[in-house]
Structures are given as C-alpha cells and as structure tokens.
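Trainee: The chain contents come next:
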Amino acid sequence: MKWYKKGAVILSSLMLSVAIVAAGCSDNTKDGSGSSQPSGTGGNEGSGLKPYEVIMVYPDAPQKDNEKVQDAINDYLNKTYPEMNVTVKLNPIDWGAWSDKTNLMMASGDKFDLIFTADWLNFQQQVTKGALLPLDELLAKYGPDIEAVEKDYHDAAKRGGKLYGIHTHQELGNPQGLAFSKELVDKYQFDLSVFKSGKVEDLEPMLKIIKENEPGVTPLVGPGFPLDAYYGSSSTDGVANVAVLDIRDTSPENMYKVVNTYEVPRYMELAKLTHKWFEAGYINKDATTAGLDIWKKFQAKRAFATVADMDIVANLDIGVPMPMPSKTAVTGTHIIQVPLNIDRLQTGKMAATMQAISKTSKDPERAMMLLNLFFKDKELLTLFNFGIEGTHYVVKDGQIALPDGKTSDTVGYYHDNMWQIGNQMLNYTRVGEDPKKYENYEAFNKKVAEKESRIFGFVFDPEPVKDVLIAIDNAKKSFDDGLRSGQLDPEENIPKLLDKLKAAGIDKLMAEAQKQVDEWRAANGK
Amino acid sequence: MPTKKRTNPLILVVLSLFSLACIIPFWLVLTVSISDENEVLRNGYSFWPEKFSFVAYQYLIQDSGTIVRAYGVSIFVTVVGVIASLFVTSAMAYSLSRRDFPLRGALSIYILITMLFSGGLLPWYLVYTRLLHVQDTLLALIIPGLIGGFNVIIMRTFFTTSIPPSLIDSAQIDGAGDYRTYFSIILPLSLPVMATIGLFITVSYWNDWFTSLVFIQNEKLYSLQYLLNKTLMNASFLQTIANKAYSSTAQITQPLESIRMAMAMVAIGPLVLVFPFLQKYFVKGLTVGAVKG
Chain A
1 MKWYKKGAVI
11 LSSLMLSVAI
21 VAAGCSDNTK
31 DGSGSSQPSG
41 TGGNEGSGLK
51 PYEVIMVYPD
61 APQKDNEKVQ
71 DAINDYLNKT
81 YPEMNVTVKL
91 NPIDWGAWSD
101 KTNLMMASGD
111 KFDLIFTADW
121 LNFQQQVTKG
131 ALLPLDELLA
141 KYGPDIEAVE
151 KDYHDAAKRG
161 GKLYGIHTHQ
171 ELGNPQGLAF
181 SKELVDKYQF
191 DLSVFKSGKV
201 EDLEPMLKII
211 KENEPGVTPL
221 VGPGFPLDAY
231 YGSSSTDGVA
241 NVAVLDIRDT
251 SPENMYKVVN
261 TYEVPRYMEL
271 AKLTHKWFEA
281 GYINKDATTA
291 GLDIWKKFQA
301 KRAFATVADM
311 DIVANLDIGV
321 PMPMPSKTAV
331 TGTHIIQVPL
341 NIDRLQTGKM
351 AATMQAISKT
361 SKDPERAMML
371 LNLFFKDKEL
381 LTLFNFGIEG
391 THYVVKDGQI
401 ALPDGKTSDT
411 VGYYHDNMWQ
421 IGNQMLNYTR
431 VGEDPKKYEN
441 YEAFNKKVAE
451 KESRIFGFVF
461 DPEPVKDVLI
471 AIDNAKKSFD
481 DGLRSGQLDP
491 EENIPKLLDK
501 LKAAGIDKLM
511 AEAQKQVDEW
521 RAANGK
Chain B
1 MPTKKRTNPL
11 ILVVLSLFSL
21 ACIIPFWLVL
31 TVSISDENEV
41 LRNGYSFWPE
51 KFSFVAYQYL
61 IQDSGTIVRA
71 YGVSIFVTVV
81 GVIASLFVTS
91 AMAYSLSRRD
101 FPLRGALSIY
111 ILITMLFSGG
121 LLPWYLVYTR
131 LLHVQDTLLA
141 LIIPGLIGGF
151 NVIIMRTFFT
161 TSIPPSLIDS
171 AQIDGAGDYR
181 TYFSIILPLS
191 LPVMATIGLF
201 ITVSYWNDWF
211 TSLVFIQNEK
221 LYSLQYLLNK
231 TLMNASFLQT
241 IANKAYSSTA
251 QITQPLESIR
261 MAMAMVAIGP
271 LVLVFPFLQK
281 YFVKGLTVGA
291 VKG
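Chains as they are written, first to last, in the numbering used here: chain A, 1 to 526; chain B, 1 to 293.
One chain only, chain A, in its complex shape (with noise of 0.2 Å):
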C-alpha cells in the first residue's frame, strides 16, 4: 500500500519536472516560425494590411547568405511595395530531404506560405490529404501578372475543377534528340543532315564506324536511350501510367484509344533496335547504374553520342545540327546537338514546375500577391535568383556575372532555380548564356504550342485505381531498366511484362482511363 503512494508522488514529480523544462525549451527557442515580426514599417498604417511574412518552402542547396539576401528581399519590398506590407522568409529545404520534410511539415501543420512542388514530388498526395489551398478566387482577385502569361495553362493543376498549383512561366516543352563528341564527327565526317527524318534509326550506321575504329570509346552512353522521352513524346500521348494514346495511329476512330504502352508497334521497334545496339556492344554495359553520368564519358573523351534533351537555341528544328552550349561547358569538349522531335503541348509539362499555397498558410491572400509580383517584377526576380548586386553578382554586357576572384562555391548565393517560380522570361541570363536565351524559349514555346496533344488539359483521376497503379509500377520495376537499355530482348520479356500487368490488373486502369478522356471529350466537345 505505501510503496504504491511512494510511487505515484515519484511519477507525478517526475512528470512535473518534465513540464518545467519543457516549458523553460519552449521560451528560449521560440522565436522565428511562430509569430510574424513586425518589419518596421511604421508608415502604412493606413493600407488597412498587417505586417505579414510569407514563409517560402523550395528546395535547394544551403546558400551561405541566405540570410542577407532574405533581408535584402524585405528592405526591397518594403519600399518597393509598402501598401503590401509584406516580408518574406527563405525557407530552403536540400534536394535529398525534401520528400521527407515536407511530409513531416505538411503532416504537422507547420506554417508556412508558398511551396514549390510538381507532378513528380506528389503533387497529387498533397492535393488529396488537403495541404494545399485551392487558387481559382485568389489567383482572379490578386494574380493579375500570372493571368497575363499562364491563363491557358492552369488544366494541369485543376484537381476536381479546382486550381491547386500555379505553373513558372518558362519553356512549355522540351526538344529531344541526339548529342555528339564533335571531334569523333569531325574526324569521321559524319553527314548529320540524315536526321531530318526525325528518326534515331539512322544513327546505326555511324555507331557501327565508331565501334569498329574507335576502341574504349562507346558508341551510345546510356542512360539516354531512344525509350525514354524520345519515344514517349515523339509516339504517345501519356494519359495515366501505361495507359496512352498511340498518336501514330491516325485513323479517325482511334484517335482518343487509349492502350497500353508496351504494345505500341513504336515501342516493339524501338525495343528491338535497342536491344539490337546492345547485343552489338553499342551501348554501355553500366548504362543502368544508377549515379552515372554521361556527361563525364564525354569530357573523358569515351563517348560519341548518347540521346537527351536539346538545349532550347535560336532557330531550332529538326535534323538542324547546332552546337550544344549547355553541355559544351560542362565537358570541355565541343558536343553537337540534332533534334528529332520537338515536345507536342502536354498537360503534363505545366505541372512539373508549380507553386502552391499551403492550408496553413495564415494569409493565402498575402502569398498570392508576393507570387504575382514574381511574374512582374524583374528586380525581385533578380534578387531571388542571383542575389544582391555586387556581392554575388555583377552585370557584365546585361548579362550575370560572378564578382571578380568569386566562384560559384565561394561567392555564397549561387543556385539555378529560376525553373522553380515566377516568369522565367523577365530573368537575366549568365555570362556564357545565349543572351538571347529567352528570346530562343518564346519562339520555341510558340513551335510547342502549335501543336497541341490530342487531350491538352485532360487530367487523369487516379483516385479509383490507386492500388492498381502501385502494383503496376512494381510490375514494371524489373524490366523497364532492361529494355530502356537494350539489355532485355523484347521479343521474349514484353509478352511476359504484359502477363505481369495484366495480373496486376492493367484491364482495370486502361478501362478506367478511357472511361475519363471519354468523359473529358463529351464535356469539352471533342
């Protein structure tokens, strides 16, 4: 009997001291997320709008001067926009822990403002669980400069007819194709001009050369492969995982079928071909590994061509050999780029690169309007992207240039996120950037926009067939890589891939798919 009072007074006062020392962490660290400070703006009053600081959630690596460029943003806003009110807080996440914490913060109710995210960082799971804030009033009533360059294409983040993600204005697609070791061209005088024909089938003769004359050097460094985005742009139309529009087959009754990738006559082919070059010792045998990169093959000067994606130059098209100045930097050595298709307008493509507003944002209203001034306001843009003027950049002939005897490592804020918000096109461009960069990416957009894909703006619902799609993907895992890279030969393993999907129960989605661009026909008069 005692001993259980003995106890109960040992717990209650280990509970209690517990509490204290709680509460002592909670007053000497609190300070910061929680509460918005007032930015010392005693004059504006009178718009009526309380001081707010919008929390930014985007990933990047840690920039040493985060904080002064943080502080540079708010005295700019402060006297560029005093009626707004309006600080900012920089609130970067690494690449590597991004999944994981904005999970957790979503997960916790933490607060915080604008957050970047995108089709490929679960755009749809966030939308689901409810972490982000529909847009369609706020974006009308504030987002004026974002209408003016993104009104056509927000169907990408409509989920259940609600906005949820505003795209970065900036390329609307991509062009692929191939990319060589200039000298090995050069040496073997290759006649490049084939490619017009847009098809990768005319490299075999060149990959055979170099093969037979040049040993240590690999003919194709993967992985860039004919399968990846070549295939998928240049043949399909992606309506939901495997499910796609096989946009070669033109006649009129099944322009809107839907099928099943792997059984696209394209992909057989190109399969083949591929497994064709491995078998042949085109190909690297490492091509699937992961972290390796093709770039390094280049500059070690072990490769002569690999399939990728072009760099956006002037006067860009098909079967039009240009220099690649992207990767020219990167390797040292002169590459040469031939486009073989160029991206149709994909619903896909707006959604890869969003901002969203979080539910526990304390003003949407406020984070709306600093989004938008992103998309007018070079100078904001400009201090985001590259800083203070200066200290970690210089302009040089109106283009940006690092501080004489800084490096990019050195310099203290250097990251490429441009791509991440606002209108890329009001951007500077680097020193040893085309300057005429973004010119080149308007008259590429229009190229893009031209041709529309069968079912712009449809979006696919993935609610009903959730546990399908995983087991899918898992279907899938085992032998995408091996034919991507020709190691599998198709003949004998897609027969047996599509016995897997089917047991997966790919009847189900592709039925599911058609019933929804069905639907989306009927409702858009297609």
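What the hints contain is simulated information worked out from the structure, not anything from laboratory work.
Keep in mind it's a predicted model, so treat the numbers as computed, not measured.
Keep in mind that a hint or two might mislead.
Claimed, not checked - Here are the simulated DSSO-like cross-link-like pairs (lysine-lysine), alpha carbons at most 27 Å apart as the crow flies: (1) LYS89/A / LYS51/B; (2) LYS276/A / LYS500/A; (3) LYS436/A / LYS396/A; (4) LYS68/A / LYS220/B; (5) LYS220/B / LYS64/A; (6) LYS220/B / LYS406/A; (7) LYS359/A / LYS162/A; (8) LYS162/A / LYS151/A; (9) LYS272/A / LYS502/A; (10) LYS220/B / LYS111/A; (11) LYS301/A / LYS51/B; (12) LYS158/A / LYS141/A; (13) LYS151/A / LYS359/A; (14) LYS285/A / LYS51/B; (15) LYS466/A / LYS158/A; (16) LYS162/A / LYS436/A; (17) LYS151/A / LYS451/A; (18) LYS89/A / LYS187/A; (19) LYS378/A / LYS79/A; (20) LYS64/A / LYS111/A; (21) LYS376/A / LYS68/A.
As the list claims (entries may be wrong) - Using C-beta positions, here's what the derived DEER-type ranges look like: (22) ILE470/A / ARG130/B: 46 to 56 Å; (23) ILE23/B / LYS378/A: 24 to 34 Å; (24) ASP409/A / PHE76/B: 53 to 63 Å; (25) LYS111/A / ILE23/B: 46 to 56 Å; (26) SER478/A / LEU28/B: 23 to 33 Å; (27) TYR110/B / LYS466/A: 37 to 47 Å; (28) THR128/A / ASP178/B: 54 to 64 Å.
What the hints assert, rightly or not - Derived coverage of chain B by chain A (criterion: at least 3 residues anywhere in the stretch with Cβ under 8 Å from a Cβ of chain A; other residues may be distant): (29) 119-127; (30) 213-222.
The beta carbon of each residue, even a glycine, is placed where N, CA and C say it ideally should be.
We have chain A; now place chain B onto it with these hints.
Mentor: Frame of chain A, contents of chain B only:
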C-alpha cells in the same frame, strides 16, 4: 576456462572471407579517394590507383570550414550524448534492477513496449517541435537518442546478475544512501557494461543523420554524417530533376567521385580510433549477464 585447442580451419576460412567482405569495399573507397579523378573516369574503380593524387583531400582541407564545423558538431553531440545517455540509461537500469523498487514491473513492461512498437514518425516529430521546441538546436540531435529500451535491458541484466544484492545491503548498512550506493559502489563495478553500451551509443550518435535531416535547418548545425549523406542524396536527386523538371537552366555540378570517397574516409576516422580501446570490454560486458563464474 581458456583452452589451447587449435581453431577449426573451417571457421578460420569463414571468418577470413567475412573480413575480406568488410575490408574490400573499404579499400576501394580508400584507393578511389587517392586516385586521379580522370583515371577514375576513364577506367572505373580499381584496387590500386594508377596515378596517385591527393587533390580530393586538398580540396577538403581548402573547403574545410564546413567539414570541420560538422566534425565539431558530431563530436560534441556524440560526447555529450554518450555521457548523458549513459547516465540516464544506467540510472534507469539500476532502478529496475533493485528488487525493492515498487514500479519495477510496470516500468519494465513500459520499456518493453517501446522496444516492440514505435510511436511513428509524426508523433515523434511533434514531440520535439511542438512540445519541446528543440528544432534547429543541438538538443534536437541529443535528446532523441538519450535512452533506448534495448540498452536499458542489457544493463539491467548486468546489474541484477553480476552485482550481488548483498553488496547493496552492506553498503546501506554502512550508511550509504541510494545515490551514494549508485555512484560509489555500482558505477565503478559496471565498467564493462558501461563501455559496451557506451560504444553502442557512440556508434548510434556518430552515425545518425536522420535527426539532422528532420530537425536541423541551420547549415551550421549539420552533423558530419548528414553532410555526407546529403551530398550523396543531392547528387542522385539532381539527376531526377534533370530528367523531370525540363530545366535546361539547371546546371548540375556533382562533387567529383574522389571527393565523395575522401569525405567518406574522413567521416569514418574517430570510430575506427575508438573501437580498439573499447573492444576488450565488449565480450565481458555482453555475456556476463548469461554466464556466471
């Protein structure tokens, strides 16, 4: 009872193979870290560097600010963490080992539960951020690892089996209070188990990167392992972005292969040094509980 019988050769073979499996990757990391980067690019990894180059280490020394700082954080967290954790763990274990402690049964079950089930990531995160508010401080790296059910049980077993209750009785007859008994009698007698558990805790503090990932925002408080992990994760993630975000603007610079390996070498350092010193206590501390005499 020490015997002079020869060891079974089969066991020798198995153990040698096992050691080789541990040493070979280590050796590979070492050679890559002192190889010429271009040779690595050209020929892949090899067991003997064709061209020695200490560029990677020079680079690390040049850019030593971050690494030295991370080293400091790791050492501080490990030292403070181990001392605090040993104290908390042994105090708990000792209490549980005393037959006259009233809550013995209930607390033992409570500890057992923590070994079988975990609260899950989210509650764990909420406790430290909402209740204790330790995010972005060194405390966040220390507190989560303070006590582990497994360690408590091992220690308790040690206390109950190798410290005779009569010793405690006689101490108390001589007038020692509970604290005096604990500090002057028990702790000096339990050096083996302290060393063993201490090593466990050291390793877990030293190797921990996940708490840094979750709680630390401030670059200056990154621990060494997190810095390392981050470098590798970022490198692999950047490739995904290149594929998915269609960012022709994102210039992707990966740390050179040899620098990554050199970082790994640098991070192993202290543990390799600590291990041999504590090893002699290892067997004793762990087995003493089961085998008497």
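Trainee: State for each hint whether it applies.
Mentor: Against the structure, the hints come out as follows:
Between LYS89/A and LYS51/B the alpha-carbon distance is near 48 Å, which puts this suggested pair outside the 27 Å criterion. Taken as a hint, the LYS276/A and LYS500/A pair is honoured in the structure, with Cα atoms around 24 Å apart against an allowance of 27 Å. Taking the CA atoms of LYS436/A and LYS396/A, the gap is about 15 Å. The hint holds against a cut of 27 Å. Among the hinted pairs, LYS68/A with LYS220/B is consistent with the structure: their alpha-carbon atoms are about 16 Å apart, no more than 27 Å.
The straight-line distance between the Cα atoms of LYS220/B and LYS64/A is roughly 9 Å, inside the 27 Å bound, and the hint therefore holds. With a CA separation close to 22 Å, the supplied pair LYS220/B and LYS406/A stays within the 27 Å bound. Restraint check: the Cα-Cα separation between LYS359/A and LYS162/A comes to about 14 Å, which is no more than 27 Å; the hinted pair holds. Our distance criterion of 27 Å between C-alpha atoms is met by LYS162/A and LYS151/A, whose separation comes to about 14 Å.
At roughly 22 Å between alpha-carbon atoms, LYS272/A and LYS502/A fall within 27 Å of each other, so this suggested pair holds. Restraint check for LYS220/B and LYS111/A: the C-alpha separation of about 23 Å stays at or below 27 Å, so the hint holds. Only pairs whose Cα atoms come within 27 Å are accepted, and LYS301/A paired with LYS51/B is accepted, the gap being roughly 18 Å. For the hint pairing LYS158/A with LYS141/A, the CA-to-CA distance comes to about 18 Å; that is within 27 Å, so the pair holds.
This hinted pair checks out: LYS151/A and LYS359/A have alpha carbons roughly 23 Å apart, not beyond 27 Å. Using a Cα cut-off of 27 Å, the hinted pair LYS285/A and LYS51/B holds, with the two alpha carbons roughly 25 Å apart. With a C-alpha separation of about 18 Å, the suggested pair LYS466/A and LYS158/A falls inside the 27 Å cut-off, and the hint holds. The suggested pairing of LYS162/A with LYS436/A is violated, with an alpha-carbon distance near 36 Å, which exceeds 27 Å.
Between LYS151/A and LYS451/A the CA atoms are separated by roughly 18 Å; this keeps the pair inside 27 Å, and the hint holds. A hinted pair counts as satisfied when its Cα atoms are at most 27 Å apart, and LYS89/A with LYS187/A does not qualify at roughly 54 Å. Taken as a hint, the LYS378/A and LYS79/A pair is honoured in the structure, with Cα atoms around 15 Å apart against an allowance of 27 Å. Straight-line distance between C-alpha atoms of LYS64/A and LYS111/A comes to about 24 Å, which keeps the hinted pair within the 27 Å bound.
For the hint linking LYS376/A to LYS68/A, the alpha-carbon distance of about 23 Å falls within 27 Å, and the restraint holds. Between ILE470/A and ARG130/B the Cβ separation comes to about 32 Å, which falls outside the hinted range of 46 to 56 Å. For the hinted restraint 24 to 34 Å between ILE23/B and LYS378/A, the CB-CB distance of approximately 58 Å leaves it violated. Distance hint for ASP409/A and PHE76/B: a CB-CB separation of about 26 Å, inconsistent with the stated range 53 to 63 Å.
Between LYS111/A and ILE23/B the beta carbons are some 50 Å apart, a value that agrees with the proposed interval 46 to 56 Å. The beta-carbon spacing between SER478/A and LEU28/B, approximately 28 Å, falls within the hinted interval of 23 to 33 Å. Distance hint check for TYR110/B and LYS466/A: the Cβ-Cβ separation is about 38 Å, which falls inside the suggested range of 37 to 47 Å. Hint check: THR128/A to ASP178/B, Cβ distance near 55 Å, so the stated range 54 to 64 Å holds.
A count of 4 residues in the segment 119-127 of chain B with a Cβ less than 8 Å from any Cβ of chain A is obtained; the coverage claim is therefore met, three being the minimum. Counting residues of the segment 213-222 of chain B whose CB lies closer than 8 Å to any CB of chain A gives 4, so the stated coverage by that chain holds, three being the minimum.
Going through the hint list in order, the structure does not satisfy hints 1, 16, 18, 22, 23, 24.
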